[in-house]
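S.K.: As a plain string of letters, each chain reads:
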Amino acid sequence: MNPVLVMGPILLLFVVLGFVTMAILFERKVIGWIQMRPGPNRVGPWGILQTVADVLKLLIKEDIIPSKADKPLFKLAPAIAFIPAFAVLAVIPFTESLQFSQFAVGILYYLAVSSITIIGILMGGWASNNKYALLGAMRSAAQMISYEIPLVMSVVGIILSVGSLNLVEIVEAQKQVWFIFPQFLGFAVFFIASLSELNRTPFDLPEAESELVAGYHVEYTGFRFAFFMLSEYVYVFAMASLTTVLFLGGWNAPFGLTMIPGIVWFVLKFLLIVFSLFWIRATMPRVRVDQLMEFAWKVLLPVALFNILLTAVLQEVPYLDFLYRL
Amino acid sequence: MILNGEFIAFFILSVMAIGGAVFMINATRVMHMALSLAFTFFSIAGIYLLLNAMFIAVIQILIYTGAISILMLFGIMLTKHRDEDRPAISTRHLGISFGVVFLFLGGILFVIYQTPLMGEGTAPLTVQELGTSVFKQYVIPFELASVLLLVALVGAIILAKKEEE
Chain A
1 MNPVLVMGPI LLLFVVLGFV TMAILFERKV IGWIQMRPGP NRVGPWGILQ
51 TVADVLKLLI KEDIIPSKAD KPLFKLAPAI AFIPAFAVLA VIPFTESLQF
101 SQFAVGILYY LAVSSITIIG ILMGGWASNN KYALLGAMRS AAQMISYEIP
151 LVMSVVGIIL SVGSLNLVEI VEAQKQVWFI FPQFLGFAVF FIASLSELNR
201 TPFDLPEAES ELVAGYHVEY TGFRFAFFML SEYVYVFAMA SLTTVLFLGG
251 WNAPFGLTMI PGIVWFVLKF LLIVFSLFWI RATMPRVRVD QLMEFAWKVL
301 LPVALFNILL TAVLQEVPYL DFLYRL
Chain B
1001 MILNGEFIAF FILSVMAIGG AVFMINATRV MHMALSLAFT FFSIAGIYLL
1051 LNAMFIAVIQ ILIYTGAISI LMLFGIMLTK HRDEDRPAIS TRHLGISFGV
1101 VFLFLGGILF VIYQTPLMGE GTAPLTVQEL GTSVFKQYVI PFELASVLLL
1151 VALVGAIILA KKEEE
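Chains A and B, in that order, give the protein sequences.
Residue numbers for the first sequence follow the numbering used here, so the first one is 1 and each next one is one higher.
Residue numbers for the second sequence follow the numbering used here, so the first one is 1001 and each next one is one higher.
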């Protein structure tokens, strides 16, 4: 067996774990900076070891399983929530050479596999045998299902333009123009829906610490809780990568600056998306539950459908079709 | 029978699919049943993948494992989900069920043996070919199915409205 094929995913896992550690620190630092406070600054220089200390604390905590819980499901739920989060990374092309599979239906694979996480969340909430956990799980699942539809619809414009579901071909089609310009409506819908899929502010209702205690993972402690948190941040990694690949041209360099390697461009665009997520979290209040559902079905979905229609019409317009038929 | 990777993968996936189905029948809690069913759906997606039908496999996960299972879980959670009693099944009932299942199995096997299956070496169907055949050759059945779904959707909305009043 090819050793690169075996070692690649393991290396990627370590890269992702490193990203998660730094992202949590970065998030707290950025939010602290926006709110004019120092943020974590006690563990290590500039608080750099704060997350390491937090994770260590979670790992050595006592593992508590409520006596009335459904034990097998309670233990299984964090794994079911985490595995799809890592599995979706298999189809994301980081650069021309750094990619794991040339899956023909890559984008659909991402959307399909990521929906399995919802089962893990529902399982965890139900198995906890706690009304807050159940409520949180149902809210979470309802939100993720509702926002998955605009998310899928918003990328149809890109698929129409490229004529392929393969993520590598989608990146290669963006050599001239990134899809954020011709598909701006699609990008807006995709970005808002992805915020909601990631359960981040302003759509962090599943957690809503002030009303629901903590949502579906109230009863979880120690490393099981850490797994839920980890899967959430791995999805941040995956979703930011997917946004980069779909709308920001992946590894393609802007303004013909090709002497800088593709991976640097990818990381820069990726970090821009991650920073925007934290920025939005620090600025926006949380939306209400009824507004949340109305927004998905009455605003995002029609806009996404309009974007599909618009793309199909503009493909036939002379002088503009070079943007929509690649 | 050659013991290659494909065969081993098929064996594992089949055991997973059948195991999920058996668990579904034997579980006492409705929640466990729904999860076993989701597991079976997922394993079947693996078998599609093995048959080089990537699009069908991914759609199977998206629709069955992702959407339909979660719909069932929602239904269970919103209703009485602590139910564990099982009504006793009469022997006559059991006999009829087995008879129907055997008839169904016979019918399916008959159809499978009648259909000329393609031999090895056929290229996997691309998404493009699939789309062309759905929207050109099978456009009328496709549109009929869409109308049916639309009718079901309108019906669901009317029923929900009635309950509100």
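One thing to keep in mind: the hints can contain errors.
Said to hold, decoys possible - Under the rule of at most 30 Å between Cα atoms (straight-line distance), these lysine-lysine pairs were calculated in the DSSO-like manner:
#1 A/K57 <-> B/K1161
#2 A/K131 <-> B/K1161
#3 A/K57 <-> A/K68
Unchecked claim - A short, non-exhaustive set of chain B residues, derived as facing chain A with CB atoms under 10 Å:
#4 H1032
#5 F1042
#6 A1045
#7 L1050
#8 Q1060
#9 T1065
#10 I1070
#11 L1073
#12 I1076
#13 F1102
#14 T1126
#15 L1159
#16 A1160
#17 K1162
Claimed, not checked - Here are some chain B residues the structure puts well away from chain A; computed CB gaps all over 10 Å:
#18 V1015
#19 M1031
#20 F1055
#21 L1062
#22 G1066
#23 A1067
#24 S1069
#25 F1074
#26 S1097
#27 Q1128
#28 Y1138
#29 G1155
#30 A1156
No wet-lab data here; the hints were simulated from the structure.
Ideal Cβ placement from N, Cα and C applies to all residues, glycine included.
S.K.: Next step is simple, just say for each hint if it's right about the structure.
M.R.: For each hint, the structure was consulted:
Proposed proximity of A/K57 and B/K1161 is contradicted: the alpha carbons are some 51 Å apart, above 30 Å. With a CA separation close to 28 Å, the supplied pair A/K131 and B/K1161 stays within the 30 Å bound. Pair hint A/K57 plus A/K68 holds up; C-alpha atoms about 26 Å apart against a cutoff of 30 Å. Here the hint on B/H1032 is kept, as its CB sits about 8 Å from the closest CB of chain A, short of 10 Å.
Taken as an interface hint, B/F1042 checks out: its beta carbon lies about 8 Å from the nearest beta carbon of chain A, inside 10 Å. For B/A1045, the interface hint holds, since its Cβ comes within 10 Å of a Cβ in chain A; the closest pair sits about 8 Å apart. A cut of 10 Å between beta carbons decides the hint on B/L1050: the least distance to chain A is about 15 Å, and the hint is violated. Look at B/Q1060: its Cβ gets to within about 8 Å of chain A, closer than 10 Å, so that hint holds up.
The interface hint given for B/T1065 holds, since its Cβ lies 6 Å from the closest Cβ of chain A, which is under the 10 Å cut-off. The beta carbon of B/I1070 comes within 6 Å of a beta carbon in chain A, closer than 10 Å, and the hint placing it at the interface holds. Nearest Cβ of chain A to the Cβ of B/L1073: about 5 Å, under the 10 Å cut. The hint holds. At about 9 Å, the closest approach between the beta carbon of B/I1076 and any beta carbon in chain A falls short of 10 Å, and the interface hint on this residue holds.
This hint is violated: B/F1102 has a C-beta 33 Å from the nearest C-beta of chain A, more than the 10 Å allowed. With a cut of 10 Å, the hint placing B/T1126 at the interface with chain A holds, because the nearest CB-to-CB distance is about 7 Å. The interface hint given for B/L1159 is violated, since its Cβ lies 18 Å from the closest Cβ of chain A, which is over the 10 Å cut-off. This hint is violated: B/A1160 has a C-beta 14 Å from the nearest C-beta of chain A, more than the 10 Å allowed.
Hint status for B/K1162: violated, given a least beta-carbon distance of 20 Å to chain A, over 10 Å. Every CB of chain A is more than 10 Å from the CB of B/V1015 (nearest about 19 Å), matching its label as outside the interface. A beta-carbon of chain A is positioned within 10 Å of the beta-carbon of B/M1031; the least distance is around 6 Å. Not every CB of chain A lies more than 10 Å from the CB of B/F1055, the least distance being 5 Å, so the non-interface label is violated.
With 10 Å as the threshold on Cβ separation, the claim that B/L1062 sits away from chain A is violated: the shortest Cβ distance comes to roughly 4 Å. Its beta-carbon lying about 3 Å from the closest one in chain A, B/G1066 breaks the requirement of being farther than 10 Å from that chain. Its closest Cβ contact with chain A, about 7 Å, brings B/A1067 to no more than 10 Å, contrary to its assignment away from the interface. With a minimum CB-CB distance of about 6 Å to chain A, B/S1069 fails to clear the 10 Å threshold, and the non-interface call is violated.
Not every CB of chain A lies more than 10 Å from the CB of B/F1074, the least distance being 7 Å, so the non-interface label is violated. Taking the minimum C-beta to C-beta distance to chain A, about 29 Å, the non-interface status of B/S1097 holds against the 10 Å cut. With a cut of 10 Å on Cβ distances, B/Q1128 falls inside the contact zone with chain A, its closest approach being about 8 Å. No beta-carbon of chain A is positioned within 10 Å of the beta-carbon of B/Y1138; the least distance is around 20 Å.
Non-interface status of B/G1155 relative to chain A is upheld: no Cβ of that chain comes within 10 Å, the nearest being about 18 Å off. The beta carbon of B/A1156 sits about 14 Å from the closest Cβ of chain A, which is more than 10 Å, so the claim that it is off the interface holds.
The structure is inconsistent with the numbered hints 1, 7, 13, 15, 16, 17, 19, 20, 21, 22, 23, 24, 25, 27, although it conforms to all the rest.
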